Each structure stands twice: as C-alpha cells, then as structure tokens.
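A.B. asks: With these hints in hand, go ahead and build the complete structure from the sequences.
Heads up: the protein sequence lines correspond to chains F and A, in order. Mapping the first sequence onto this note's numbering, position 21 (from 1) lands on 21, and the numbers just tick up by one. Mapping the second sequence onto this note's numbering, position 73 (from 1) lands on 298, and the numbers just tick up by one.
In short, the hints are calculated from the structure, not lab data. All values reported here derive from a predicted model rather than from experimental measurement. Among the hints, erroneous ones may be present.
As the list claims (entries may be wrong) - Computed cross-link-like contacts, BS3-like style, restricted to lysine-lysine with a CA-CA straight-line distance of at most 25 Å:
1) Lys282/A x Lys111/F
2) Lys107/F x Lys237/A
3) Lys183/F x Lys132/F
Unchecked claim - A short list of chain A residues far from chain F (calculated; beta carbon distances all over 10 Å):
4) Ile270
5) Ser273
6) Ala283
7) Ser287
8) Asp294
To be verified - Calculated from the model, a selection of chain F residues having no Cβ within reach of chain A, i.e. all distances over 12 Å:
9) Glu22
10) Lys132
11) Gln135
12) Val210
Backbone N, C-alpha and C fix where the C-beta goes; we use that ideal spot for every residue, glycine too.
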Amino acid sequence: MAQMPRGEPRSVPDPAGEQYDEMIRQERLKRQGAEAAAAQQPVNSVGHPGFAESLIPVWGSGREAVADFQEGDYAGAALNGALAASDLFLAGSIAKGVAKGGVYVAKNVAKKAPYAWKTEVRPWMVKQGYLKPGQHGHHWAIPQNGWGKNVPDWLKNQPWNIKAMPEGPAGAQMHGRMTNSYKGQTQFNVVERYVYGTPAWSKVATGAAVGHPAAAAKAQSDKRR
Amino acid sequence: MVLVGRDLRCWKVVGVVDLGVARPFGERVLRFVVGQSVHRIEQEIAESESMTLEQLKARAASSIQANPDDWRDDEAIAGEAGPPRDEQELLDELAAAVRAAPSVPQIINALYGEQLEG
Numbered sequence: 001m002a003q004m005p006r007g008e009p010r011s012v013p014d015p016a017g018e019q020y021d022e023m024i025r026q027e028r029l030k031r032q033g034a035e036a037a038a039a040q041q042p043v044n045s046v047g048h049p050g051f052a053e054s055l056i057p058v059w060g061s062g063r064e065a066v067a068d069f070q071e072g073d074y075a076g077a078a079l080n081g082a083l084a085a086s087d088l089f090l091a092g093s094i095a096k097g098v099a100k101g102g103v104y105v106a107k108n109v110a111k112k113a114p115y116a117w118k119t120e121v122r123p124w125m126v127k128q129g130y131l132k133p134g135q136h137g138h139h140w141a142i143p144q145n146g147w148g149k150n151v152p153d154w155l156k157n158q159p160w161n162i163k164a165m166p167e168g169p170a171g172a173q174m175h176g177r178m179t180n181s182y183k184g185q186t187q188f189n190v191v192e193r194y195v196y197g198t199p200a201w202s203k204v205a206t207g208a209a210v211g212h213p214a215a216a217a218k219a220q221s222d223k224r225r
Numbered sequence: 226m227v228l229v230g231r232d233l234r235c236w237k238v239v240g241v242v243d244l245g246v247a248r249p250f251g252e253r254v255l256r257f258v259v260g261q262s263v264h265r266i267e268q269e270i271a272e273s274e275s276m277t278l279e280q281l282k283a284r285a286a287s288s289i290q291a292n293p294d295d296w297r298d299d300e301a302i303a304g305e306a307g308p309p310r311d312e313q314e315l316l317d318e319l320a321a322a323v324r325a326a327p328s329v330p331q332i333i334n335a336l337y338g339e340q341l342e343g
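C.D. replies: Have a look at this one:
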C-alpha cells in the first residue's frame, strides 16, 4: 500500500485556484456595493404608515408627509401635507359646530311642526350664531322643496344642511339664483351652484375623501417598489 | 313681556326664577351634550289692564313690520317653491293675516302655522 512520504508540507498545483479566487473577489465586491447602498438610506426616517394607518385623518397623512420629506420625495410630502391640513380644517369645523350646538333638538315635539324652518330652526340658528338676523340660509344638500319635501324636517332643517348666504340683498340674489333665475339674473350653472351653494367644509371633505385613498394607494405602490 | 290670554286678559312678567333643568334624565343628558338644556322657569306675573282684540292685532302687526329680520321667509323670497316673492309683500301679507284673525288662537295660527282651535 502506498504511503505519503514523510517530510515538510509542500504546495501542490490547484487547477481551479484562479477561478476560485476570482469568484471570491466578485462576491466581496458585490457585498461591498450592497453595504454602500444600505449606508445611503436615511437612518432617521419616521417610516411610512401602512395602508390602514394612512387613512387616519391628520395622523396618517401627517406621518406620510414627514417620511416623504425625509426621503426627499417633496411632491409626496406636499400632497400629504395638504391632506393633513385639510383634515385639521375639518376637525376644526366639526369642533366649532359642536360648540354652537351641532344639531337642533325640538323643545316641544307636540307642536304641529316642531322642526319647521321658519318658526323654529331658523330663529335658533340665529340665536346660536350660525346666521345673522335676516341672513338667508340655503338648504344645500337636501332642498326644502322638490325631492326634499319627502325628507323629514328634523333631518333637513339642521345646521349641517344650511349654507349661510352673504348678508343683505346680495344674499337674497345668490339664494334665488340657486334654483331659479332671480330678478333678471339667470340661474347659476352647476359649477356656480357648487362654488356658491356648498359650505367650505363639504368641499374640503370631498377633497379628503378622494385624496386619502389616493395617497394610501400611492404609499402602497411606493412600498412595493 | 306682556302675556295675553285667549280671553284677552293681560299680565306683565315682573320676575323670573330659574328652577333648573327639566325633562327625563336621558333627554337631559342628550340636551346637555348639544347645549340645549330646557329649564323650568317660575314667572311672577302681575295682571295689567286687558286689551281689546283690535289692540292686540295692531300691536302684533306693528311688531312684524318693526322686526322684519324675525319674520323673514328666506325660502319664499328666494323662490324655492315658486316665483321669488318680494320681502315687504310677505310681511304685509303676514300682518294682514293677523289683522283678519277673529280670535287670539287664530292670531297664533296666522303667525306660527299652528292649528289651534277657538
């Protein structure tokens, strides 16, 4: 049987040695590149919220705006910042409405029309500061007449459904032009009725209702990328 | 403030005492949340000289003309249920309805759209 000769260790030729060294060198370079890319990530980003979290008013869009800003996505930061601001406006409108009474609750439901606009709800709204004395109030979402006749008074004669018109004769004209031509002035078109005939909070709420899901979807798509 | 009964006897309110919130507990909670608590009030009244129906109607009609903001029908003025109406015309019609009322309950019906009998 052959035996290894005794003696000092000696090198032997390695036919695959050069290929192996090249492979190790490539792996090392790849690892260094990955480490360099990871080092460029911001370490102090607050992180993006998840889809559900991004739908939370103020918080979701606020956090998204800060994360976008820290990562250099200034367009995203501006969009989400605007959404957060609109949420704050809505929250403020709701708080102001609650402070003024929010909803009208009839004192005496035994009356023939306890929620009548002219004799019950309108005087209360003037007292609470929703309307100035004599100021026209326009039923913007549920009209007093037309299809609104089938809606109970307790629902449609409430502050949320009343848009204050400008004071004085200008208010009467604006109110009149919502549904008809008024004293020689034509009826408002659809756009004008939306601009003049809806309260600011409803326009902001429409924007938020569209903007929040859009921003959340954008955040999800950014995450997947 | 002058109170007029259906028999045209008159009283002046000379004192008012707030006896606190009224209504059942659940309703009191709801009304507290919306800031519309209903209070029970004790009024001290002193009878004054009665007035005639014509005097009452004249007083009510002049109050309508003197306080148009309180009687404005903004929906009718804006023409939400027909052609726009002139504000002064509406006030004059209301005052005329009050003057045409044959009794105190009918004056209330004319002013507030109620259906009181008498």
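A.B. asks: All the hints need checking, so say for each whether the structure fits it.
C.D. replies: Now for the hints, and whether the structure bears them out:
Between Lys282/A and Lys111/F, the direct Cα distance comes to roughly 23 Å. Compliance with the 25 Å bound is thereby established for this hinted pair. With a C-alpha separation of about 24 Å, the suggested pair Lys107/F and Lys237/A falls inside the 25 Å cut-off, and the hint holds. Using a Cα cut-off of 25 Å, the hinted pair Lys183/F and Lys132/F holds, with the two alpha carbons roughly 24 Å apart. Chain F leaves Ile270/A outside its interface by the beta-carbon criterion, the shortest separation being 21 Å against a cut-off of 10 Å.
Listed as a non-interface residue, Ser273/A keeps its Cβ farther than 10 Å from every Cβ of chain F; the least gap is roughly 27 Å. For Ala283/A, the non-interface assignment is confirmed: its Cβ lies about 22 Å from the closest Cβ of chain F, beyond the 10 Å cut-off. No Cβ of chain F approaches the Cβ of Ser287/A within 10 Å, the least distance being about 18 Å, so the stated non-interface status holds. With a cut of 10 Å on Cβ distances, Asp294/A falls inside the contact zone with chain F, its closest approach being about 4 Å.
Taking the minimum C-beta to C-beta distance to chain A, about 78 Å, the non-interface status of Glu22/F holds against the 12 Å cut. Against chain A, the non-interface label of Lys132/F is violated: not every CB pair exceeds 12 Å, the least being about 8 Å. Non-interface call for Gln135/F relative to chain A: violated, since the shortest CB-CB distance, roughly 8 Å, does not exceed 12 Å. No beta-carbon of chain A comes within 12 Å of the beta-carbon of Val210/F; the shortest separation is about 30 Å.
In the structure shown, a violation is registered for the earlier hints numbered 8, 10 and 11, in ascending order.
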